[in-house]
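Using the hints, position chain Y against chain F.
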Amino acid sequence: MESSIFGFIFKHSRRQQVFLLLLTLVSFPFLYASLDLPKTIINEAVGGGVSFPRALFGIQSLQLEQIDYLMTLCGIFLGLVLINGGFKYWINVYKGQMGERMLRRLRYILFARILRFPLPQFRKTSQGELIAMITAEVEPLGGFIGDAIATPAFQGGTLLTILGFIMIQDPFLGVASIALYPVQMILIPRLQRRVNLLGKERVKAVRKLSEQIGEVVSGIQEVRANDTSEFERARFARQVGAIFEIRYLIYRKKFFIKFLNNFIAQVTPFLFYSVGGYLVITGDLTFGALVAVLAAYKDLASPWKELLSWYQTKEDARIKYEQLVDQFHPAGMIEEDRQDHRLDPVPHLEGAVVATNLSLEEDGGIKVVDGATFRFDSRSAVAITGPAGAGKAGMARLLARLLVPTGGNLRIGDAVLPDLPEPVTGRRMAYVGQSIQLFNGTVRDNLVYGLKHRPGPSAERDGDDRAAFERYVVEAQASGNTESDPDSDWVDYDGAGVPGPTDLADRLVHLLGVVGMDGDIYALGLQGSIDPERYPDLCARVLEARTRLRERMEGSDLAKTVEPFERTRYNDNMTVAENLLFGTPIGDAFMQDRMADNTYVRQVLHDTGLEEVFLQTGLQVASIMLELFQDLPPDHEFFDRYSFVSADDLPEVQAVVRRAESLGGVRQLESLDRRVLMSLPFKLIPARHRLGLLDDDLKARILEARRRFAEGLPAEFAGAVAFYDQDSYNAAASVQDNILFGRLVYGRQQGHAQVNAVIAQVVDDLDLRRTLMEAGLDFQVGIGGARLSNGQRQRLGLARALLKRPDMLVVDQALAALDPVSQTAVLDRVFDESAGRGIVWVLGQAEMMDRFDTALVMEGGKISRSGPARDVAGDLSGVAAD
Amino acid sequence: MDFGDTVKVLRAIPMFAKLDPSKLKLVAFASAHLTFDDGEALFFEGDPSDGVYLIDEGTVNICVDSNGSEITVGSLTNRELFGEMAIFRNEPRSATIRASGSVKVLRIDGDMFLRVVTEYPETALEVMRILSEKIAKSMVSERTLQDRVQDLENQLGGGI
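For the record, the sequence lines run as chains F and Y. Taking our numbering, the leading residue of the first sequence gets 1, the next gets one more, and so forth. Taking our numbering, the leading residue of the second sequence gets 883, the next gets one more, and so forth.
What you were told as hints is all true, and nothing was included just to trick you.
Within a straight-line C-alpha distance of at most 30 Å, the following computed DSSO-like cross-link-like pairs (lysine-lysine) qualify:
| # | chain 1 | residue 1 | chain 2 | residue 2 |
| --- | --- | --- | --- | --- |
| 1 | F | K699 | F | K683 |
| 2 | F | K683 | Y | K907 |
| 3 | Y | K890 | F | K683 |
| 4 | Y | K907 | Y | K890 |
| 5 | Y | K907 | F | K699 |
| 6 | F | K699 | Y | K986 |
| 7 | F | K560 | Y | K890 |
Worth flagging that the hints you see were computed from the coordinates, not collected in a lab.
This is chain F alone, in the form it adopts within the complex (with noise of 0.2 Å):
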C-alpha cells in the first residue's frame, strides 16, 4: 500500500489524471470564447459605429447584415453555452467515475488486507473500528481523488492567466494584487497543521465510538442483565461530547483560516485604492488600467479561494490516508502470495509433524508456548493435555497454522509448517475451536463453507444477466477487484470427495449422523415447509404419509388426541379464527390479530348474522380477562402467556367494557370500541379455555361463514389464505401440520409424545427421512447462528472440518457443551471417520486418552510429559489417584 496519498493516485490512477487534465486544457479555449464573445456582440452587432453588412469574424465571403450578424452570433454563443455545459458535465462524470472507482479499490484493499491480519492484531482492533475506517472514513477520499490533480490544474490555469493579463496592465498594482499571496501561503498552512491534528483526533474519537457501539451491541444481554444502561449511555455520551469538542475547536479554526481569507483578499483592493489612486493622480497610470485591474482582480478571488479550498481538501484526505496505511500495517501480516487462491496442485501433508523449541510469545512478553519439543507421525492421533492455562489451545492454533511461532522450528515432513501458503493449510488441515462461528445462511451454506476455496465454472446466464456481469468484470478490473464471479459454483467436491452436487448431499447426510446431529436436522425438516413446484413428488409423499397416518390412528387409542381438519366440523382445538378460515394464512391479511380489522371477514359475519354475536362474546370474553388480569402488575408473565388483552391494551378494553354497561349492550358502541371486541372471540379455544362461550349452534353457523368465506373469497384475497384440502399439499404449513393435518387435543397431553412417533414411523416407510433432512440443511441458521443451540453450533463446525478430508484434524474443544457421554460417541464416530487421516485433540480431562496413539501433557507452555497415549493415561490416572 502506498504511503502517501497521491503516491496512491498516480500509481492507480496516473493515466486517467493526464486524461482529464487534457480535457481540462482543450476545456479551456471554449470556455475563453464563451466570455469574449459576449463582448463582441455588445460592442460590435448591438453597438453602432460599426457599418454593415460586416464579415463575420474577419471571413470575406462571410458578409451579414445587422440582424443576421446578431442572431448568427447568438446562435454561435449558444452552441458554445452547450459545448461549455457539455465539457463540464463530461468532466464531472469522468471525475467521479474515477474518484468511485479509487474509492472501490481502496475499500477493496484495506479489505483484503484484513484477510491477511495476523490473528493477534484482532484483539487490539476493534470490528467497530474496522468498520468504521472501510465505510464512513474511506468515503470522502474517493471525492478528493476526482479533485486531486484537475482542481489545482484549472483553478491554478485561471489564476496564472489573469495574474498574466493584470502584469500585462501594470506590473506594480500586479504585484499589488498578489503582495499578501505570501502571508496567506506561510499562515495558512500553519493554522490549517492545527485544524489537521484536531482532524486526526477527530478521527480516533469516532473511531472509539464505533467501537463502543459495536461492543453495546454485541453485549446486549451483559448491560440489560446487569441495568448498566445508565452508565453506557454515560460512557457514549462522554465520547460524543469529545467529538463534540474537536470539531467545535476544528470550526472555530476553519472559520478564523477563513475570515483571515477573506480579510486578505478584501485588504488588496485597499492597496488598490489607496497605492492605484495616487498613481492615477500622479499621472504615472491611466484610469482605464486601474478599472481593468480591478475588474481582473475580481476574477483573481474566485480561483484563489478554490485553490485554498482544495488545499484544505487535500490536507484532510491526506491526513485520512495517512491514518489508514497507518492502521492496516500491522506487523506480521501474511504475505499475498500465500493467499493466491490458484494455487495447483495443492499438496498433501506428509510426515512427522516435528517441533523444535517451539515458542509462542504474545504481547507483553507471555509465553503462551514455551521451547516445547516433540515429534509425532502427521497421520496419527495425538491428544494434547494438561492443566487450563497451560497453553493447548495456543498449540492447537500453531499446529494448525493459525498462529506463527514467535520461536523455535515447527515442521511437517519437509515443509516449515509456518510458510506453507495458505490453500495447503486450508484444504489440507482443518481446525474446530472452542467458539464456532456460523454464517448467516442455511445449515447447508454453513457446512460447504470449508470447500469454498475458489470459483468453480461460472454461473449460466444470459441475455441482460450476462450483458449485466461481463460490465461487473470490467469494472472490477479498473478497480482492482478480483473478477471471481461469487456465483459460480464454490465447492471443491473433490476435496470432499465426492463427484457432484447429489452426492456431496448424501455426504453431507453422513457427517450430520456422525457429529450426532441428525435427528436435529431431521426435525428442523419437519418443522420448516417445501416448496410444491420444486419438490412436487415429495409433497405427493407428504400427502401419502398423511394418510398413512390417519390409517394408523383409526380405531387406535391414538386418534383420540388428534382432531383432523374437517371441512364440515368444528375443531374444537384450534382458534375460532382458525375455524372461520379453515387454512393457512399467508401474509398479514388474515393474520388471528387482524381479523377483526379485515372489511372481508367483517363482511362474511355480518352476512351469517354473526357480528352482533361476536360482539356479545367479545363483551363476555373481554369482562372476564379484566376480572383475572386487572390486579396483576403490568410486567407479569401471566398477561404473556394466559391472557387476550395485553397489558397495554387492558385499560382501553375496560373502557369499552364500561361504555357497554352504561349503554346497556353492545348494540350502541361506537365502531372503534366495536373492533376492540371483535377482535377478541377470534381468539378462543373451546378445549383449552372452556369458557363455555361456544355453543352448538354458534358452532354451527361460524362453518356457516367458513364456508361461505371460502366461496366469496374476493380475488384480492386469493393468496393470503392456503385453505386445509384432504388431497392437497398445504405449502404455507410445516411438513410436520401437513401429515398431521389436525390438531393435537388440548386434553391429550400425554399422546402428543406418542403421535410424534407415528409420524417418525410413517416417515421412515416412505423413505421421507432423507429428504426432510435435505429440507433440514436449508433451515436459516441466522445472523452468526443464534437460531441455533451452543451444542448445535459445536457440531457443525465439527461437521464442517469432516467435510473437506482434511490430512490433519485439530480440535481444541470443541464439543464442551456437549454432556460427557455424547463427546464420547461423537469422538469415537469421528475416529472411524478419520481413519488413516491425523487427528489432534485438546482434551478437557485425560478421559478420553485412551483412544489416542500419542499424548503430549502440557504444563505452564511447556510439555511436561508425552509418549504413547495409553502410558501417559496410566501415569496421569496414577497421579491423580495419589
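Quick look at chain Y alone, frame taken from chain F:
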C-alpha cells in the same frame, strides 16, 4: 368441565379456600382439563415436576419402582390434589401416577400454582398447614410400605 365448574371445584380445595376470587378464576383459566384412559400414566417417577393435579372424576394409583417392577402403594380419587409436594420442593416426581379406569383431571401449571399460593398471604398459612399434614401422612404410608416389604421378604424367605 367448563370454566365455571372448574372455579367451583377449586374453591372446594382447602388450599384455595381463602384465595381471592379473581385469583382463583385465573388459576381455573390457566389450568388444563386432561383425560386419561385406564392404565395410562399421568407422569412417571423421576420426571421433572411441572404441574399440580386435581382429580375431577375417577381414581388414580400411586405406583413406585421396586427392583425394576412397579408396585401400587396407594390411590387417590375425586377432588383430591396431588403433585404439589414435588413443586414445592422443586424435585422430580417421587412416584408414578396411573389412571385406574378412565380419569379426568385438572392440571395446574407448576409456576402458576407456586406463584398463586406464595404471592398471596391469605393462602400461605393454609399451605403450611396442609404441608405438615401431608408430611405426617407420608410418614405413615412409608411405614406401611416398609411393612409390606418386610412381609414379602418373609414370604419369600419362607418359600426358599
